[in-house]
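J.: Every letter in the sequence shown is one number past the one before it in the UniProt record's numbering, and letter 135, counting from 1, is 135.
The hints are simulated quantities; they were obtained by calculation from the structure and are not laboratory data.
Heads up, a few of these hints could be off.
FRET-style restraints, in silico, Cβ to Cβ [claimed, not checked]:
{"hint": "1", "residue 1": "T69", "residue 2": "L136", "range": "23 to 29 Å"}
{"hint": "2", "residue 1": "V117", "residue 2": "D36", "range": "30 to 36 Å"}
{"hint": "3", "residue 1": "L138", "residue 2": "R49", "range": "31 to 37 Å"}
{"hint": "4", "residue 1": "A115", "residue 2": "G137", "range": "31 to 37 Å"}
{"hint": "5", "residue 1": "V117", "residue 2": "G63", "range": "19 to 25 Å"}
{"hint": "6", "residue 1": "T69", "residue 2": "N7", "range": "27 to 33 Å"}
{"hint": "7", "residue 1": "A48", "residue 2": "D106", "range": "16 to 22 Å"}
{"hint": "8", "residue 1": "N112", "residue 2": "T70", "range": "15 to 21 Å"}
{"hint": "9", "residue 1": "S116", "residue 2": "E65", "range": "20 to 26 Å"}
{"hint": "10", "residue 1": "E103", "residue 2": "T75", "range": "17 to 23 Å"}
{"hint": "11", "residue 1": "V117", "residue 2": "H8", "range": "33 to 39 Å"}
{"hint": "12", "residue 1": "L138", "residue 2": "E65", "range": "18 to 24 Å"}
{"hint": "13", "residue 1": "Y56", "residue 2": "H8", "range": "28 to 34 Å"}
{"hint": "14", "residue 1": "D139", "residue 2": "Q81", "range": "21 to 27 Å"}
Just so you know, these numbers come straight off a predicted model, no measurement behind them.
All C-beta atoms, glycine included, are put in the ideal place defined by N, C-alpha and C.
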Amino acid sequence: MKHTNRNHVVTVLFACRKNAGRSQIAAALMAAKTDDRVRVLSAGTTPARELHPQTYETLAEIGLEPLDTTPTMLTGDNVSQSDWIITMGCGESCPIFPGTHYEDWDVADPANQPASVVREIREDIAQRVDQLIARLGLDQPTTSYTST
Numbered sequence: 001m002k003h004t005n006r007n008h009v010v011t012v013l014f015a016c017r018k019n020a021g022r023s024q025i026a027a028a029l030m031a032a033k034t035d036d037r038v039r040v041l042s043a044g045t046t047p048a049r050e051l052h053p054q055t056y057e058t059l060a061e062i063g064l065e066p067l068d069t070t071p072t073m074l075t076g077d078n079v080s081q082s083d084w085i086i087t088m089g090c091g092e093s094c095p096i097f098p099g100t101h102y103e104d105w106d107v108a109d110p111a112n113q114p115a116s117v118v119r120e121i122r123e124d125i126a127q128r129v130d131q132l133i134a135r136l137g138l139d140q141p142t143t144s145y146t147s148t
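Modelling step: build the complete structure from the supplied sequences, incorporating the hints.
T.: Dropping the structure here:
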């Protein structure tokens, strides 16, 4: 990994194709669960014009909002700034930089899905975010940010 001192804030980039659903949900959850202990970015290989309405709705249900309201292009710059890159559906179209930890999450696309399916996707992402937080050696938050 890139960081060499204990004061380094780890940067995690979540990437999907459109940056309108999965990566936005993951970024919002990671930011909420880690406060300022992790720098969180999200991007897409072919960004949509706007976020999926379901993204706003599923995050609002648990008291969160997207970090960015406009999808962002995945670039070499935001990849090179990242210690961890989590891809969801963009696979080989994501640039690779030495020293960066890559992980691909097989997460369903919430585009045009009913609310019940998007909730399941959010819960899947939330569990994966919790596992990543544990691998980063960070304490879990007391708030779960999941449905009851």
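J.: Hint by hint, note whether the structure agrees.
T.: Against the structure, the hints come out as follows:
1. T69 and L136 have their C-beta atoms about 26 Å apart, which keeps the hinted 23 to 29 Å range intact.
2. For the hinted restraint 30 to 36 Å between V117 and D36, the CB-CB distance of approximately 32 Å keeps it satisfied.
3. Taking 31 to 37 Å as the suggested C-beta distance range, the pair L138 and R49 conforms, at roughly 34 Å.
4. At about 35 Å, the beta-carbon gap between A115 and G137 stays in the expected band of 31 to 37 Å.
5. For V117 and G63, the Cβ-Cβ distance of about 21 Å falls inside the hinted range of 19 to 25 Å, so the restraint holds.
6. The beta-carbon spacing between T69 and N7, approximately 31 Å, falls within the hinted interval of 27 to 33 Å.
7. Evaluation of the 16 to 22 Å hint for A48 and D106 yields a pass: the beta carbon distance comes to about 21 Å.
8. A beta carbon spacing of about 20 Å between N112 and T70 agrees with the range 15 to 21 Å that was offered as a hint.
9. The beta-carbon spacing between S116 and E65, approximately 21 Å, falls within the hinted interval of 20 to 26 Å.
10. A beta carbon spacing of about 19 Å between E103 and T75 agrees with the range 17 to 23 Å that was offered as a hint.
11. The hinted window of 33 to 39 Å between V117 and H8 holds, with their beta carbons roughly 38 Å apart.
12. Taken as a hint, the range 18 to 24 Å holds for the pair L138 and E65, whose Cβ atoms sit roughly 22 Å apart.
13. At roughly 32 Å, the beta carbons of Y56 and H8 sit within the given window of 28 to 34 Å.
14. The hinted range of 21 to 27 Å is satisfied by D139 and Q81, whose Cβ atoms lie roughly 24 Å apart.
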